[in-house]
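Asker: Below are the chains, spelled out letter by letter.
2 protein chains.
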Amino acid sequence: MWHMKKVAFYYWPMIQGRGEFIRLLLEEAGADYLDVARTKGGTAAMMRFLDGKEPGALPFAAPFVRVGRTVVSQTANVLAFLAPRLGLVPRDEALRAEASQIQLTIADFVGEIHDTHHPIAGSLYYEDQKREAKRRARNFVEERLPRYLGWLEDVLARNRRSGGRWLVGRDLTYVDLSAFQVIEGLRYAFPHAMARLERRIPRLIALRDRVAARPRIAAYLASKRRLPFNQLGIFRSYPELDLPRGR
Amino acid sequence: MWHMKKVAFYYWPMIQGRGEFIRLLLEEAGADYLDVARTKGGTAAMMRFLDGKEPGALPFAAPFVRVGRTVVSQTANVLAFLAPRLGLVPRDEALRAEASQIQLTIADFVGEIHDTHHPIAGSLYYEDQKREAKRRARNFVEERLPRYLGWLEDVLARNRRSGGRWLVGRDLTYVDLSAFQVIEGLRYAFPHAMARLERRIPRLIALRDRVAARPRIAAYLASKRRLPFNQLGIFRSYPELDLPRGR
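So the sequence lines, in the order shown, correspond to chains A and B. Per our numbering, the first sequence starts with residue 1491, numbered consecutively. Per our numbering, the second sequence starts with residue 1491, numbered consecutively.
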């Protein structure tokens, strides 16, 4: 890893959310970073950026990072910006484009996961869109979940450079960390649907285990820096949105 | 513009959709490209990539491009890959990251626009989710539409390098072409909501007019290569989802 200025990371302090994809990158790299909104007065500091009171590119939403004077937002863009500096993506331009296309597909997947519990509006309570959520979630677990996971499994199977061990190139990249996070979240949110699906995605589950066993990731997951999943984040445990047990 | 291999562009032949953001880039650059799926046998050629029967990175969905042996998918990633080769983004890395974060925010915006008519599932007919669509669209026109357009207006106002004329850096970039396309689509899909909002986003409307007047864009828009908006794409004209006239 080469030298990089300290990273100031900004995200809502109560949830893993989209910020977790960036936290996993910083942790795996052993980067020098500060999770600003989890420090005293940090949420107010974050809001100054979102309210346009700080210089640099204006974020539409958190997460975002500041490195020196550069402000970078949109999760996949933050990862693409940081990963070359932290040795977590290959130098080859075509492989970087492939990493980015996988990360953006994961971002679409995460958006659909979020919308299972908020199909009408992010600004309304779940309880006020529960009927619509059940309808959307049924389509999600039956069609979209197998489609996205099957695609990730296919990408692994096609990557002969790594013998199907990693998604892009020969070694672990930031995209593998994101795939790990998605599997963890889905197991929390849709345990019965996942129990049914996991035997059809053996490479992806093996990748998840390989990431979990990385020393820095294992240390992070066991630390207080790793927030637990909860009912405020993207991945939520609403049994009525999952498949029935054992189906 | 520097020399680049011919671009093979793949997207559904009946709609503007997400592919249009890439078509606008290729047209503004005067690039040598082929809209493959609009040629004889072209849709079958596209399906071979989506079915995993061609080498290179596996696309999850169209649009994608092939340049030489490199296959690149996900609209924002395709734009970030092509724009440096076509002189439509600055060299500076921080400005490229800013272009990418704006494009990804536009992608989120476009996803929300799509979901106004398909809040439950892309695989169901509009008529089978019309009630939910009305609920989602009401929230969209009242909260999300002003929020996204207001953010783009703020980004323009903050960009002193261009005197508020372009979104990133001193000159036109691919992001400005995408902002143009979003305004065009919103005027088609939500004419009454836009009529009410446009006076609050004067810089963005001036940018739209500036893009429309570019000679290559004007020639493209007047050509048969520009597909009309229709009820199959992202932007659809369903009056029941718009605000009432004159509100």
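Simulated from the structure, these hints should not be mistaken for laboratory data. Remember, predicted model here, so these are calculated numbers, not experimental data. A couple of the hints might just be wrong.
It does not matter which identical chain is meant; a pair holds if it fits inside one copy or across any two.
[To be verified] Below, simulated SDA-like cross-link-like pairs (lysine to any residue); rule was C-alpha separation at most 20 Å, straight line: (1) LYS1624 to LEU1614; (2) LYS1624 to HIS1608; (3) LYS1495 to ARG1660; (4) LYS1495 to HIS1604; (5) LYS1495 to ASP1644; (6) LYS1624 to ALA1611; (7) LYS1496 to THR1533; (8) LYS1714 to ALA1584; (9) LYS1620 to SER1727; (10) LYS1714 to PRO1692; (11) LYS1496 to ALA1535; (12) LYS1620 to ASP1582.
Asker: Now look at each hint and say whether the structure bears it out.
Answerer: Do the hints match the structure? See the list:
Within a single copy, LYS1624 and LEU1614 get their C-alpha atoms as close as 15 Å, and across copies as close as 15 Å, so both meet the 20 Å cut-off. In this assembly of identical chains, LYS1624 and HIS1608 lie within 20 Å of each other by CA distance both inside one copy and across copies; the values are 10 Å within and 15 Å between. When the C-alpha separation of LYS1495 and ARG1660 is checked against a cutoff of 20 Å, the pair qualifies neither within a copy, at 27 Å, nor between copies, at 27 Å. Within a single copy, LYS1495 and HIS1604 get their C-alpha atoms no closer than 33 Å, and across copies no closer than 40 Å, so neither meets the 20 Å cut-off.
Proximity of LYS1495 and ASP1644 under a CA criterion of 20 Å is satisfied in neither setting, with 37 Å inside one chain copy and 29 Å between copies. In this assembly of identical chains, LYS1624 and ALA1611 lie within 20 Å of each other by CA distance both inside one copy and across copies; the values are 14 Å within and 12 Å between. When the C-alpha separation of LYS1496 and THR1533 is checked against a cutoff of 20 Å, the pair qualifies only within one copy, where the shortest distance is 19 Å, while the shortest distance between copies is 48 Å. Proximity of LYS1714 to ALA1584 under the C-alpha cut-off of 20 Å is found in neither arrangement, the shortest distances being 37 Å within a copy and 33 Å between copies.
Taking the shortest Cα distances, LYS1620 and SER1727 sit within 20 Å of each other inside one copy (13 Å), while across copies they are farther apart (28 Å). With identical chains, the CA atoms of LYS1714 and PRO1692 are never at most 20 Å apart, being 30 Å at best within one copy and 48 Å at best between copies. In this homomeric assembly, LYS1496 and ALA1535 come within 20 Å of each other (Cα to Cα) only inside a single copy, at 17 Å, whereas the closest approach across copies is 47 Å. In the homo-oligomer, the alpha carbons of LYS1620 and ASP1582 never lie at most 20 Å apart, since the shortest distance is 46 Å inside one protomer and 46 Å across protomers.
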